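Chemist: Residues per chain, in single letters:
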Amino acid sequence: AQSVDQPDAHVTLYEGASLELRCSYSYSAAPYLFWYVQYPGQSLQFLLKYITGDAVVKGTKGFEAEFRKSNSSFNLKKSPAHWSDSAKYFCALEGFITGNTRKLIFGLGTTLQVQP
Amino acid sequence: DPKIIQKPKYLVAVTGSEKILICEQYLGHNAMYWYRQSAKKPLEFMFSYSYQKLMDNQTASSRFQPQSSKKNHLDLQITALKPDDSATYFCASSQDRGVSNERLFFGHGTKLSVL
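Quick mapping for you: the protein sequence lines, in order, are chains A and B.
Each residue of the first sequence is one higher than the one before, counting from 1 in my numbering.
Each residue of the second sequence is one higher than the one before, counting from 1001 in my numbering.
It is worth saying that the hints were derived from the structure and are not from the lab.
The model shown is predicted, which means the values in this text are computed figures rather than measured ones.
Every residue gets a Cβ at the ideal spot worked out from N, C-alpha and C, and that includes glycine.
Which chain B residues face chain A? A few, computed with CB under 8 Å, are given here: (1) 1042; (2) 1043; (3) 1045; (4) 1103; (5) 1104; (6) 1106; (7) 1107; (8) 1108.
Quick list of simulated restraints, FRET-style, between CB atoms: (9) B:1060 with A:29: 24 to 34 Å; (10) B:1040 with A:69: 27 to 37 Å; (11) B:1065 with A:86: 34 to 44 Å; (12) A:3 with B:1084: 20 to 30 Å; (13) B:1026 with A:41: 16 to 26 Å; (14) A:80 with B:1065: 44 to 54 Å; (15) B:1055 with A:52: 24 to 34 Å; (16) B:1016 with A:53: 50 to 60 Å; (17) A:13 with B:1041: 23 to 33 Å; (18) A:96 with B:1027: 18 to 28 Å.
With the hints as extra help, turn the sequences into a complete structure.
Modeler: Quick look at the structure:
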């Protein structure tokens, strides 16, 4: 089965704190993993991706994510958090439909609120 | 300027009616997609098109029909609407389809409510 789990629907923290948004996946092969972000009133935007190589990948706006094969996780991190990081964050897995056809499988998303 | 335009932003329809959701992308991409997000559910892949040809269909119902009149257009026609069709429908595009780890660009979505 191919699936993505984001266990935290909402995360609230204060500006300056470290943020970590959790994501776990289920996939039988080597995963391609993504984080997308949706700021209020905007469309989903690509943040970063893991394909292979270094377990820590860096993205835009100071975000990074760590791939851990041992527990099938791909958590998003940033330190320090800024109020402008308040948004909804989606973790996604690239999975197969058939043959070499692929699709993105999304988690439910985590709404992050960073308070000043 | 938004590079992927979806119209309308909000749409209210009555059960049994038919609606068309519009999507145009100005990124010069060759592949376009439709995703749906229903309440309490994750974004769900529906269709993919490449060079105006339907490539993948993950939607069980034939009531959902994508239409591509131009390379940068991918509309979604929904017939015999049901309350369960209420969702936000996202159009997306990528440079090419079927390429591993390619990022998607999304529109703002059309929020459809079926009464």
